[in-house]
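Construct the entire structure; sequences and hints are all you get.
So the sequence shown is numbered by numbering that gives the first Met the number 0: it starts at 0 and just counts up by one.
Read the hints as simulated data drawn from the structure, not as lab findings. Note that the Cβ used here is the ideal one computed from N, Cα and C, for glycine as well. Careful: at least some of the hints might be erroneous.
[Stated by the list, open to error] The following label-pair restraints were derived from C-beta to C-beta distances:
{"id": "1", "residue 1": "Pro118", "residue 2": "Thr361", "range": "14 to 22 Å"}
{"id": "2", "residue 1": "Ala180", "residue 2": "Ser119", "range": "54 to 62 Å"}
{"id": "3", "residue 1": "Ala317", "residue 2": "Glu26", "range": "23 to 31 Å"}
{"id": "4", "residue 1": "Gly345", "residue 2": "Arg129", "range": "24 to 32 Å"}
{"id": "5", "residue 1": "Met239", "residue 2": "Glu279", "range": "25 to 33 Å"}
{"id": "6", "residue 1": "Asp20", "residue 2": "Gln133", "range": "33 to 41 Å"}
{"id": "7", "residue 1": "Pro395", "residue 2": "Asp20", "range": "18 to 26 Å"}
{"id": "8", "residue 1": "Ala215", "residue 2": "Glu80", "range": "28 to 36 Å"}
{"id": "9", "residue 1": "Ala215", "residue 2": "Ser119", "range": "24 to 32 Å"}
{"id": "10", "residue 1": "Ala84", "residue 2": "Glu26", "range": "21 to 29 Å"}
{"id": "11", "residue 1": "Pro281", "residue 2": "Ala317", "range": "44 to 52 Å"}
{"id": "12", "residue 1": "Asp397", "residue 2": "Thr92", "range": "26 to 34 Å"}
{"id": "13", "residue 1": "Asn113", "residue 2": "Ala176", "range": "38 to 46 Å"}
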Amino acid sequence: MATATLDTEPDYFTDHAVLLDPYDYFERLRAHGPVCRMPGRDILLVTGFAEALEVLLDARDFSSWLNPDPLTPLPFPVESEDIAAQLASHPSTEMELLVSYDGDRHAAARALLNPLFVPSRLKANAAFMRSYAQDMVQEILARGSCELVGEVATPFVTMVIADLLGVPAEDREAFRALIDAAPPPGNMDAGNDGQSIHPLLAMAGYFARYVAERRAQPRDDVMTEMALATYPDGSTPEAMEVVKSAMFLFAAGQDTSAKLIGNALRRLAEDQPLQQLLREDPAEIGPFLEEVLRLEGSTKATFRIAARRTKIGDVDVAPGQRIVVSLSAANRDPRRWEDPTAFVIGRPRIKEHLAFGRGAHTCAGAQLARAEVAVLLECLLAATQAITLDEAHHGPADARRVEYEPSYIIRGLADLHLKLA
Numbered sequence: 000m001a002t003a004t005l006d007t008e009p010d011y012f013t014d015h016a017v018l019l020d021p022y023d024y025f026e027r028l029r030a031h032g033p034v035c036r037m038p039g040r041d042i043l044l045v046t047g048f049a050e051a052l053e054v055l056l057d058a059r060d061f062s063s064w065l066n067p068d069p070l071t072p073l074p075f076p077v078e079s080e081d082i083a084a085q086l087a088s089h090p091s092t093e094m095e096l097l098v099s100y101d102g103d104r105h106a107a108a109r110a111l112l113n114p115l116f117v118p119s120r121l122k123a124n125a126a127f128m129r130s131y132a133q134d135m136v137q138e139i140l141a142r143g144s145c146e147l148v149g150e151v152a153t154p155f156v157t158m159v160i161a162d163l164l165g166v167p168a169e170d171r172e173a174f175r176a177l178i179d180a181a182p183p184p185g186n187m188d189a190g191n192d193g194q195s196i197h198p199l200l201a202m203a204g205y206f207a208r209y210v211a212e213r214r215a216q217p218r219d220d221v222m223t224e225m226a227l228a229t230y231p232d233g234s235t236p237e238a239m240e241v242v243k244s245a246m247f248l249f250a251a252g253q254d255t256s257a258k259l260i261g262n263a264l265r266r267l268a269e270d271q272p273l274q275q276l277l278r279e280d281p282a283e284i285g286p287f288l289e290e291v292l293r294l295e296g297s298t299k300a301t302f303r304i305a306a307r308r309t310k311i312g313d314v315d316v317a318p319g320q321r322i323v324v325s326l327s328a329a330n331r332d333p334r335r336w337e338d339p340t341a342f343v344i345g346r347p348r349i350k351e352h353l354a355f356g357r358g359a360h361t362c363a364g365a366q367l368a369r370a371e372v373a374v375l376l377e378c379l380l381a382a383t384q385a386i387t388l389d390e391a392h393h394g395p396a397d398a399r400r401v402e403y404e405p406s407y408i409i410r411g412l413a414d415l416h417l418k419l420a
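Right under this line is the structure:
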């Protein structure tokens, strides 16, 4: 089967016209098949649910080397039918991150995060999360309004992850400042200059100090457990590998969760009956969140490169072929989801959505993200009678004005002004 082209479409990676409604863009390309060539690019776009699963579950044929920048040039010519070894021996960026690792290396790096997700640590973090959420809600309720993304969601998620990782209290405001100053992952305005990793490099300095201190003088804290963690084979990782795992969880988890909170609250602010349903029955917050994840999750796409000649569905894929897997489009594939653009709480098999990916690279912090959003929503709904959009900022219902962050990875509002009663 030949792949289709649509050369009149805007460029997904640079054109801000795609930001407001990327779903319409994906649907227009879906009309050319569940796998098609992106306009103006030698890149395949996967919009089909089954085809996305095929790629995400096949870590042998489809390498994660390209993440987080699908436009990274290959540092070698593609001259064979199998480039897996070449990919493994060439770092994709100056500071490789967990998201770009493959195979055993990826599994070993994820194992370093295990101390964070034991029940005792999650229980302690949940207590901090709820207390911090309640304090934030009381503060904004006293004002009667807030800008949710910058004043609530971002600091809330930043402090929750800092607590989970055991970042010392005296350093947490510095981490928050780094996050506030950072451009979004997949920054459409950054070109290909690597600016988006600069805040991560600053964080690396903090985490390197924590790891060195804990290895020299262990303490009874989670940072020591991470610093002393071993690979599954019992070997001790280089300190920088621990640093990179912690740093990636902090940065990646912060942005996606904060933007997910914004996406969820915008939907609630536009639907008072839905708000009231969740106030009266908080057990529905979980199913509500799963449908938000499916319909407007905060990660639009992930990226792969073909390590060898293969297929996606019935489309031939050459070694070195770049691939954009649209999680957003797969979650709206009409072949998988009935009435895919409708918001339906309680869809059958809803947790099969791909908002957190699938396979070896399934989001390590998926359960943490669900908890963060659910706890903040529960606290907000319990303390209010109505949450509405501030029309002074966003316009009336028939002429809404919203802006999204300039990212080809993240689906998230730049700001969301709310009124609380």
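Right, here's what the structure says about each hint:
Checked against the given bound of 14 to 22 Å, the beta carbons of Pro118 and Thr361, roughly 20 Å apart, stay inside it. For the pair Ala180 and Ser119, the supplied restraint of 54 to 62 Å is violated, since their beta-carbon distance comes to about 34 Å. Taken as a hint, the range 23 to 31 Å holds for the pair Ala317 and Glu26, whose Cβ atoms sit roughly 27 Å apart. Between Gly345 and Arg129 the beta carbons are some 26 Å apart, a value that agrees with the proposed interval 24 to 32 Å.
Range check, Met239 to Glu279: Cβ separation about 50 Å, and the 25 to 33 Å hint is violated. In this structure the hint that Asp20 and Gln133 lie 33 to 41 Å apart at CB holds, the actual value being about 35 Å. Between Pro395 and Asp20, the C-beta spacing of about 19 Å keeps the proposed range 18 to 26 Å intact. Ala215 and Glu80 have their C-beta atoms about 48 Å apart, which leaves the hinted 28 to 36 Å range violated.
Taking the beta carbon of each, Ala215 and Ser119 are about 25 Å apart, inside 24 to 32 Å as hinted. For the pair Ala84 and Glu26, the supplied restraint of 21 to 29 Å is violated, since their beta-carbon distance comes to about 38 Å. Range check, Pro281 to Ala317: about 51 Å between beta-carbon atoms, so the 44 to 52 Å window is met. Checked against the given bound of 26 to 34 Å, the beta carbons of Asp397 and Thr92, roughly 45 Å apart, lie outside it.
As the Cβ distance of Asn113 to Ala176 is approximately 29 Å, the hint placing it in 38 to 46 Å is violated.
Consistency with the previously given hints fails for numbers 2, 5, 8, 10, 12, 13, ordered from lowest to highest.
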